[in-house]
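Kindly produce the complete structure, drawing on both the sequences and the hints.
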Amino acid sequence: MSFQDLEAGRPLVSSRRERINGKQDASQAVASGIFQINTAVSTFQRLVNSIGTPKDTPELREKL
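When we follow my numbering, the leftmost residue of the sequence shown carries the number 1, and every step to the right adds one.
For the record, the hints were derived by calculation from the structure and aren't laboratory data. There could be a bad hint or two in this list.
[Claimed, not checked] Between beta-carbon pairs, the in silico distance windows are: (1) D25 with G52: 39 to 49 Å; (2) T43 with A8: 48 to 58 Å; (3) V48 with D25: 26 to 36 Å; (4) F44 with A8: 50 to 60 Å; (5) T39 with E62: 29 to 39 Å; (6) T57 with N21: 46 to 56 Å; (7) L64 with F35: 14 to 24 Å; (8) A26 with G52: 16 to 26 Å.
Glycine is no exception: its CB is placed at the ideal position from the N, C-alpha and C atoms.
Below is the structure:
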C-alpha cells in the first residue's frame with residue numbers, strides 16, 4: 001500500500017479481506033458438503049441395520 005493508493009481512494013485491505021472471505025466461503029461449502037454426506041451415510045447405515053428386524057418392510061427396502 002502506497003501513498004498513491006491512498007490518494008486514489010483504494011481501500012487498505014480489501015484484497016486481503018476478499019481472499020480471506022473467499023477461503024472462508026470455500027471452507028464453509030466444504031463443511032456443508034461433508035455434513036450432508038455424513039447425514040446420508042448415517043441414514044443409510046440405520047436403514048441397513050434394520051434389515052432382518054421387525055422394522056424390515058418393503059418400504060424400507062425401497063428406500064435403500
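Q. Quick check: which numbered hints come out false for this structure?
A. The structure breaks hints 5, 8; every other hint is satisfied.
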